[in-house]
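2 protein chains.
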Amino acid sequence: MKVGVIGCGFFAQNHLAAWQAIKEVNLVAVCDQQRQLAEAAKTRFRAHQAYNEAEEMLANEDLDFVDIITTPASHRSLVELTARYGKHVICQKPLAPTMKDAKAMVDTCKLAGVTLMVHENFRWQGIIQKAKQMINSGKIGDPFLAQISFRTGYNVYSNQPYLAADERLVLYDMGTHIFDLVRFYMGEVSSLYAQTHQVNPDIQGEDAATVLLRHMEGTSVAAMNYVSEVEHDEFIQIPLRIEGSRGSLEIRRDYQLNVVSNKQLTSYHVPPTNYSLGSSLGGAIMESVVNIQRHWVECLNTNSEPHTSGADNLKTLELVFGSYESAENNIVYHI
Amino acid sequence: MKVGVIGCGFFAQNHLAAWQAIKEVNLVAVCDQQRQLAEAAKTRFRAHQAYNEAEEMLANEDLDFVDIITTPASHRSLVELTARYGKHVICQKPLAPTMKDAKAMVDTCKLAGVTLMVHENFRWQGIIQKAKQMINSGKIGDPFLAQISFRTGYNVYSNQPYLAADERLVLYDMGTHIFDLVRFYMGEVSSLYAQTHQVNPDIQGEDAATVLLRHMEGTSVAAMNYVSEVEHDEFIQIPLRIEGSRGSLEIRRDYQLNVVSNKQLTSYHVPPTNYSLGSSLGGAIMESVVNIQRHWVECLNTNSEPHTSGADNLKTLELVFGSYESAENNIVYHI
Chain A
13 MKVGVIGCGF
23 FAQNHLAAWQ
33 AIKEVNLVAV
43 CDQQRQLAEA
53 AKTRFRAHQA
63 YNEAEEMLAN
73 EDLDFVDIIT
83 TPASHRSLVE
93 LTARYGKHVI
103 CQKPLAPTMK
113 DAKAMVDTCK
123 LAGVTLMVHE
133 NFRWQGIIQK
143 AKQMINSGKI
153 GDPFLAQISF
163 RTGYNVYSNQ
173 PYLAADERLV
183 LYDMGTHIFD
193 LVRFYMGEVS
203 SLYAQTHQVN
213 PDIQGEDAAT
223 VLLRHMEGTS
233 VAAMNYVSEV
243 EHDEFIQIPL
253 RIEGSRGSLE
263 IRRDYQLNVV
273 SNKQLTSYHV
283 PPTNYSLGSS
293 LGGAIMESVV
303 NIQRHWVECL
313 NTNSEPHTSG
323 ADNLKTLELV
333 FGSYESAENN
343 IVYHI
Chain B
13 MKVGVIGCGF
23 FAQNHLAAWQ
33 AIKEVNLVAV
43 CDQQRQLAEA
53 AKTRFRAHQA
63 YNEAEEMLAN
73 EDLDFVDIIT
83 TPASHRSLVE
93 LTARYGKHVI
103 CQKPLAPTMK
113 DAKAMVDTCK
123 LAGVTLMVHE
133 NFRWQGIIQK
143 AKQMINSGKI
153 GDPFLAQISF
163 RTGYNVYSNQ
173 PYLAADERLV
183 LYDMGTHIFD
193 LVRFYMGEVS
203 SLYAQTHQVN
213 PDIQGEDAAT
223 VLLRHMEGTS
233 VAAMNYVSEV
243 EHDEFIQIPL
253 RIEGSRGSLE
263 IRRDYQLNVV
273 SNKQLTSYHV
283 PPTNYSLGSS
293 LGGAIMESVV
303 NIQRHWVECL
313 NTNSEPHTSG
323 ADNLKTLELV
333 FGSYESAENN
343 IVYHI
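Protein sequence lines, in the order shown, are assigned to chains A and B.
For reference, each letter of the first sequence is one residue, going 13 to 347 in the working numbering.
For reference, each letter of the second sequence is one residue, going 13 to 347 in the working numbering.
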């Protein structure tokens, strides 16, 4: 399969490394508005061609699919361009700055007969998957409460300076991941209530958010911020605890998964598969990126819908935008 | 000071032991509808007299104050009876089954010129107080998020069988404590949103509740249940974490208080003062009971208002009843 990658910035390095690790995929072309980034990626990941204009790449290359890793504001035009060329497309999260844009992108891809997947990688961490298997196996009974947090003092602004200028920050940038996880574990959401704070005075958006979600069955709490000074920073390793009618499970740091089932504790150590691909963000991120990209290849091979297809991701995005509406108006947002 | 105690059941044993430990207080009389409980308390704690009728005790004894440890439904009549006799009064939590009752009790005591304190003991644990001092000293900057939980598999129904029949369970019985703590740390609440679940099929009320509270400054999350099977049961030792603009603090099990301030971690070990008074619930409970009862004596001596006076506790109770209203109607409750 031949892939063309659009966007060769910070996080794209992980995508590119993962494509290199997936034997079935051939990195045909890379593209970035900043030509030197495209050239650097071409060299580093041995792509055949570098472009600084997406349409030129699409017109010149015989691609099977395109992988877009650009800032959210550019997603719609790039996805729609790719769909016009009849290519399947992966798009980074958050899919779009508005629900209207996101829905239009999903519709466009459907009409064009191309598959759209949002690159929601968090659920593809090995330990996250293992916890899901535990729940599916009935070990903890029926889950009634999930608590998940992502509290970090990691300087997200150094790698992605545009984040400091975003009026919508942590719910938009991180909430997409966290809400995908609560849906993964607890199923669909019927309503939610959110509160936000701006703690760091030097940015434009909210850097702390806490959301209480009502699922068809059960409750979840998502607490996230980019302003933490805590003993154990939660960047990448996402602490999670889920309680059920017959037990509970907890993901702790150092890839520890503790499961209490019928009053018996079992501890699992589930470190990420190390791909030695030099991700600056650590093994769990690289593992999840490789896994979701492998899933994508399998979906194309079997003509099946990706777990986090565009249509699926609309449900996650609604939780993001619903949270803003809830926090701004101090109301319960109903899905 | 001469105290008469009304109610000699399960939790009263802690009150009685604490009165015995406070030299300034003389345990004059004990009273319980079940005479054998009153007689047992008289013997165990060397009271002068045992009664099975509260008014008889009030008429016969020259008391300085009365300490009521009975089921909530009986609180109003007993507090009002005590006020009619012109005695200061301590009442166990929850103060009353309705806001109307609670307000009437506060008004009655005010008119009678007697002091009313609700026995909200949790905030009097040494480690809880130490954490508050850390916040007051500015170590973590301005707090923006408090997360507190109380998840237990402890069989609360064995010592207090009436709990299994209560249509209002964990928010009413435990939420009073937890909401007192969030007010203690984060100040007054302006609105809240709650979700409840009944997990145990053999009881009448909700045994799991999660509440997101909006404070004048900051947010708190209170998660409580009586149905947990977790690795470390949280009965008595209440995990708490608070994040601020310049650091964070966390109360962990084994009385560990970890404070991160300006990126420096300091760990404190704050075990409860051991009064060797044989509380079946452990040292932290006994410590907090002794501390609040000492506070009460000091308030009477200095003619000052107890921290958790009846009037103060109306604010906590409103969070309890507001949470039920929020959960039942899936709305934000505004204070």
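Keep in mind the hints are simulated off the structure, nothing from the lab.
Treat each hint with caution, since some may be false.
A pair counts as met if it fits within one copy or between any two copies, since identical chains are not told apart.
[Unchecked claim] With a straight-line Cα cutoff of 20 Å, these simulated EDC-like cross-link-like pairs (lysine to aspartate or glutamate) come out:
no., residue 1, residue 2
1, 151, 262
2, 35, 310
3, 142, 243
4, 144, 330
5, 122, 266
6, 112, 245
7, 112, 330
8, 112, 178
9, 275, 243
Hint by hint, here is what the structure shows:
Proximity of residue 151 and residue 262 under a CA criterion of 20 Å is satisfied intra-copy only: 13 Å inside one chain copy versus 30 Å between copies. With identical chains, the CA atoms of residue 35 and residue 310 are at most 20 Å apart within one copy only, with a shortest distance of 13 Å there and 76 Å across copies. Within a single copy, residue 142 and residue 243 get their C-alpha atoms only as close as 26 Å, which misses the 20 Å cut-off; across copies the closest is 18 Å, which meets it. For the identical chains of this complex, residue 144 and residue 330 are neighbours neither inside a copy (23 Å) nor across copies (38 Å), given an alpha-carbon limit of 20 Å.
Taking the shortest Cα distances, residue 122 and residue 266 never come within 20 Å of each other, neither inside one copy (41 Å) nor across copies (56 Å). In the homo-oligomer, the alpha carbons of residue 112 and residue 245 never lie at most 20 Å apart, since the shortest distance is 35 Å inside one protomer and 46 Å across protomers. When the C-alpha separation of residue 112 and residue 330 is checked against a cutoff of 20 Å, the pair qualifies only within one copy, where the shortest distance is 11 Å, while the shortest distance between copies is 40 Å. In this assembly of identical chains, residue 112 and residue 178 lie within 20 Å of each other by CA distance solely inside one copy; the values are 19 Å within and 48 Å between copies.
In this assembly of identical chains, residue 275 and residue 243 lie within 20 Å of each other by CA distance solely across copies; the values are 9 Å between and 29 Å within a copy.
The structure fails to meet hints 4, 5 and 6 from the earlier list, while all remaining hints are met.
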